[in-house]
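Enquirer: Sequence:
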Amino acid sequence: MLPNVKHVILVMSGKGGVGKSTVSTQLGLGLVSKGFRVGILDVDLCGPSIPYLLKLENQEVHQCESGWVPVYTNESKCLGVLSIGFLTKSRNDSIVWRGPKKTAFIKQLLSDVYWEDVDYLIIDTPPGTSDEHITVMENIKDVSCDGAILVTTPQQIALDDVRKELTFCRKTNIPIIGVIENMSGYVCPNCSECTNLFSSHGGKSLAEYFQVPFLGTIPIDPRVSEETSRYVGLVYPESPMAISYNDIVSLITTNPN
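First residue of the sequence shown? That's 1 in the numbering used here, and the numbers climb one at a time after it.
Don't take each hint at face value.
Only pairs whose alpha carbons sit at most 20 Å apart, straight line, appear in this in silico EDC-like list of lysine to aspartate or glutamate [stated by the list, open to error]:
#1 K34 with E65
#2 K164 with E208
#3 K6 with E138
#4 K204 with D247
#5 K164 with E138
#6 K77 with E138
#7 K15 with D160
#8 K171 with E138
Each pair of labels, with its calculated beta carbon distance range [unchecked claim]:
#9 S76 with K6: 17 to 25 Å
#10 P175 with G99: 21 to 29 Å
#11 Q211 with E116: 31 to 39 Å
#12 Q156 with S130: 18 to 26 Å
#13 Q155 with C188: 20 to 28 Å
#14 K171 with N58: 23 to 31 Å
The hints are simulated quantities; they were obtained by calculation from the structure and are not laboratory data. Fair warning: this is a prediction, and the values are worked out from it, not measured in the lab. Beta carbons are placed, not taken as given, at the ideal position from N, Cα and C, and that holds for glycine.
Throw the hints in and build the complete structure from the sequences for me.
Expert: Structure below.
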């Protein structure tokens with residue numbers, strides 16, 4: 001399984017709405033900007049937003065002798081994506097499947113995609129600790145997985161759910177690469193001052209309590225919504241958000257598990 005992949009990183013969150021898929025996308029783009037070949041596997045079956053974030057909607061998935069071929073963002077094939085979002089007719093279509101069908105499809109995603117010499121495969125998982133997570137864990141146990149990046153926001157309710165995710169990782173022997181606190185403050189587009197809309201430093205305190213690395217904070221930048229999160233690292237390379245992502249990518253690549 002995954003014979004052409006050097007590193008596997010899981011991106012997880014305790015609850016939805018914390019920006020996990022955006023983090024997955026931006027980490028992928030950040031790794032590409034540093035010269036790595038990257039794949040993003042979207043196994044969030046009920047909320048597949050990676051195609052939308054990368055403006056790859058309405059693309060078709062093809063097959064070769066080795067399996068499904070990822071959808072690439074450009075001709076360089078430095079960033080490939082596979083998501084159930086490519087197999088639905090519309091972003092508004094819902095996936096109404098019971099657990100066994102979800103499990104079978106995730107197994108297929110993990111075993112039947114032809115990743116061509118990928119340095120980093122980022123697996124965007126669904127929120128929570130459900131059957132889908134267990135399926136992913138069982139099917140990558142023979143793969144050298146670097147570990148999980150846990151995404152939270154500063155609010156207490158999000159931090160509480162991430163505690164459960166940390167416990168899940170430890171029970172299933174998943175190494176923890178670190179914690180990212182997303183939506184940590186609002187960056188004014190005029191003066192670049194960052195104001196804390198919610199609480200602050202919750203992600204760091206959580207990481208310290210569980211004795212896991214704290215990778216950094218990602219502020220809210222309103223321009224990202226205007227660009228639908230597409231290539232923010234290239235559109236605004238000097239923005240606080242892009243700088244934060246660049247720092248996190250540097251930590252991941254210089255301190256692999």
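Enquirer: Could you tell me whether the CB distance from Q156 to S130 stays inside 18 to 26 Å?
Expert: Once the Cβ atoms are compared, 22 Å apart, the range 18 to 26 Å for S130 and Q156 holds.
Enquirer: Given the hint that K34 pairs with E65, does the C-alpha gap stay at or below 20 Å?
Expert: Distance of about 31 Å is beyond 20 Å: violated.
Enquirer: Measure nothing beyond the straight line between the CA atoms of K204 and D247; if it is 20 Å or shorter, mark the hint as holding.
Expert: 16 Å, holds
Enquirer: When you check the alpha-carbon spacing of K6 and E138, does it fall within 20 Å?
Expert: 19 Å, holds
Enquirer: For K164 and E208, compute the direct alpha-carbon distance and say whether it is at most 20 Å.
Expert: 16 Å, holds
Enquirer: Hint check: K15 vs D160, CA-CA at most 20 Å. Holds or violated?
Expert: 9 Å, holds
Enquirer: Range hint 23 to 31 Å: satisfied by the CB atoms of K171 and N58?
Expert: With Cβ atoms ~40 Å apart, the hint is violated.
Enquirer: Would you check the hint for K77 and E138, treating anything up to 20 Å between C-alpha atoms as holding?
Expert: 29 Å, violated
Enquirer: Cβ-Cβ distance between Q211 and E116: within 31 to 39 Å?
Expert: Between Q211 and E116, where Cβ atoms are some 38 Å apart, the hint holds.
Enquirer: If I claimed the Cβ atoms of S76 and K6 lie 17 to 25 Å apart, would that claim hold in this structure?
Expert: 18 Å, holds
Enquirer: Is K164 close enough to E138, meaning Cα to Cα at most 20 Å?
Expert: Given that 20 Å is the threshold and the Cα spacing comes to 19 Å, the pair holds.
Enquirer: Okay, Q155 versus C188 on CB: inside 20 to 28 Å?
Expert: Roughly 21 Å apart at Cβ, these two residues keep to the hinted range, so it holds.
Comparing the model with each numbered hint stated earlier shows that hints 1, 6, 14 do not hold.
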